[in-house]
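Make the full structure from the sequences, and use the hints.
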Amino acid sequence: MSTVSTQASVLRVLRVVVIVALVVATVVPFLYMLSLSFVRIDDLLREPLRVLPALERITTETYAEVLRSEEDGGYGFARFMRNSAIVAVSASALTVALVVPASYAMTRLRFAGRTQVSWLFLAVYLFPTIIIAVPVFVGFQVLGLGSSLVGLVIAYIALTVPVSVHMLRNYLAGFPESIDEAAVIDGASRFQILTRITVPLALPTIMSTALYSFMIAWNEFLFALLFLSAKQDLWTVSLGLTRLADGQEVSKTVLMAGSVLLTVPIVILYGVAERALTEGLTAGADKG
Amino acid sequence: MASTLRRLENRDGITLVTPVVLVVAAIIVVPIVWTVVLSFQDARYVDVARNGLFNELTLDNYTDVLTAPAFWQALLTTVEYSVATTVGSITVGLVAALAFRDRFRFRAPLRAVMLLPYVAPVVATTFVWQVALNPQYGVVNAFGTQVLGWEHPVNFLSSAPTALLTVIVYDIWRYFPFAFMFLGAALTGLSREIEEAAVVDGATPLQKFWFVVLPQLLPTVALLVLFRMVMSFNEFEDVYLLTGGAAGTQVASVRVFEQLTGSSDIGGASATAAVMAVFLGVALAIYLRLTAKQREA
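Those protein sequence lines, which keep their order, are chains C and L.
Going by my numbering, 279 is the number at position 279 of the first sequence; the sequence numbering is gapless.
Going by my numbering, 119 is the number at position 119 of the second sequence; the sequence numbering is gapless.
Simulated from the structure, these hints should not be mistaken for laboratory data.
Since this is a predicted model, take the numbers as computed values, not measurements.
We put the beta carbon where it would ideally sit given N, CA and C, even for glycine.
There may be inaccurate statements among the hints.
[Said to hold, decoys possible] Taking CB as the label site, the calculated pair distances span: (1) C:23 / L:146: 54 to 60 Å; (2) L:189 / C:61: 50 to 56 Å; (3) C:196 / L:57: 35 to 41 Å; (4) L:143 / C:230: 37 to 43 Å; (5) L:215 / C:64: 23 to 29 Å; (6) C:86 / L:226: 20 to 26 Å; (7) L:108 / C:230: 42 to 48 Å; (8) L:68 / C:9: 54 to 60 Å.
Take a look at the structure:
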């Protein structure tokens with residue numbers, strides 16, 4: 001009995017320590033980012049340990065500078081953000097449009113090649129993206145899609161489809177086929193079943209799939225690097241931030257403001273749909 | 001009648017799946033096949049531009065890859081890196097999931113906060129880490145030298161072996177939320193009855209964890225190991241953004257990138273990637289074999 005109670009009390013304390021340590025470890029880098037984005041670079045260089053700037057030294061000039069266009073002496077992040085938004089919104093809308101019918105077919109219909117399709121999607125993860133990216137880039141150049149946002153959107157769709165199909169399939173497999181059958185008896189066509197029954201029922205998961213592919217597209221870096229490096233006016237936020245960070249001329253705290261601008265949209269979206277997203281991604285995890 | 005229905009079902013199924021399959025085939029499968037073909041050719045960009053896929057076939061790339069000490073070094077680095085981040089992120093994720101299992105105030109918002117490193121843009125988080133670890137103006141070195149009394153600032157990202165260790169720590173930080181999320185979901189799915197029975201039988205908390213909870217989590221853990229191993233084996237962005245592959249952190253995908261962009265050796269890069277994929281495939285086959293029982297459970 002005493003072992004039980006000693007262990008229990010040690011674990012109770014440990015649990016609190018673990019929770020505090022983990023929360024601190026996850027949150028502190030983000031607070032550091034936020035805080036430095038309001039600091040002048042000379043203040044950072046003079047006092048690197050001073051993480052929270054003195055109130056009267058706080059500046060928003062970093063944000064103004066990073067957002068202004070190059071013609072006005074800034075770094076054009078406003079345009080990078082617009083590019084990222086265009087790419088991420090189109091990639092996520094198109095992914096959903098492609099994935100919903102496919103997932104429906106893969107859970108409800110028996111057709112030749114159904115298992116092979118599942119295996120095909122797994123193959124995506126066996127090779128490093130870098131090796132996929134180069135032939136795609138060369139191929140797109142030939143088609144005139146290289147160095148364009150359209151090409152980037154197509155590439156992002158392919159990157160997000162496998163996980164999106166997985167999320168939706170798990171969800172669709174969870175509700176009874178008898179609903180579809182009832183609709184068939186009532187004379188509904190396949191298309192009507194899809195649009196009037198499957199889509200409304202699966203709407204929460206469809207939303208989390210859309211959110212997931214938006215995040216992947218917004219955060220992605222390698223394809224953007226290969227496709228758009230030479231075209232500064234098409235840079236996404238991720239690409240713009242790394243390109244500017246490579247040089248010495250842009251101050252780190254201005255780029256910190258850029259990082260905040262890159263991170264905030266994702267945090268907001270995630271805050272809105274956190275539950276749906278985690279449930280969508282982990283669907284089926286309790287079944288092993 | 002029945003056979004007409006079956007035929008219709010077959011036709012509709014194929015119609016609905018075709019668009020996705022076409023996109024995935026064009027963007028993923030064709031490039032992979034292309035890579036394999038190019039790995040048997042002594043090709044530079046000019047040759048590919050002129051002749052497409054029809055260059056002379058050769059095994060030179062493979063002999064070059066397999067006889068280059070740098071390749072074996074990169075392979076070793078990749079294995080160390082993948083094993084360390086996989087084990088580390090799943091262990092931390094498991095500890096976190098256990099700590100968050102029982103209700104407490106602010107559990108839901110804190111759990112959401114813990115997923116931030118995973119959902120935040122990798123470019124932003126690597127940049128913050130770079131600044132925080134910088135020897136001149138980073139907060140970590142400032143703290144170390146001014147408070148902890150380090151003699152010199154540490155070059156966390158530009159000297160071996162700390163660079164690789166730092167990348168590993170970063171990736172544990174970035175990916176433990178992923179394991180946390182999955183193990184948390186698995187824990188919610190467990191029935192408490194068995195555990196209560198074990199407590200009645202006099203099991204200590206640690207015994208309860210080791211003999212009752214952990215065995216039930218093993219299928220999820222096995223799946224996570226598989227997933228994380230594959231992802232980290234092919235990881236490019238984290239390493240490239242943090243160190244650029246310098247100071248003993250050149251993992252295979254960064255090596256492929258350098259072969260492509262630095263020396264524009266497409267054939268060599270393709271062969272490196274193909275050899276790595278074979279290694280990964282073999283490792284996966286062994287792993288799936290070993291854990292077959294677990295996954296059925």
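We went through each hint and held it up to the structure:
1. C:23 / L:146: 54 to 60 Å: violated (25 Å)
2. L:189 / C:61: 50 to 56 Å: holds (51 Å)
3. C:196 / L:57: 35 to 41 Å: violated (55 Å)
4. L:143 / C:230: 37 to 43 Å: The hint (37 to 43 Å, Cβ to Cβ) holds, given that residue 143 (chain L) and residue 230 (chain C) are roughly 41 Å apart.
5. L:215 / C:64: 23 to 29 Å: violated (57 Å)
6. C:86 / L:226: 20 to 26 Å: violated (35 Å)
7. L:108 / C:230: 42 to 48 Å: Hint holds: Cβ distance 46 Å, inside 42 to 48 Å.
8. L:68 / C:9: 54 to 60 Å: About 57 Å separates the Cβ atoms of residue 68 (chain L) and residue 9 (chain C), which means 54 to 60 Å holds.
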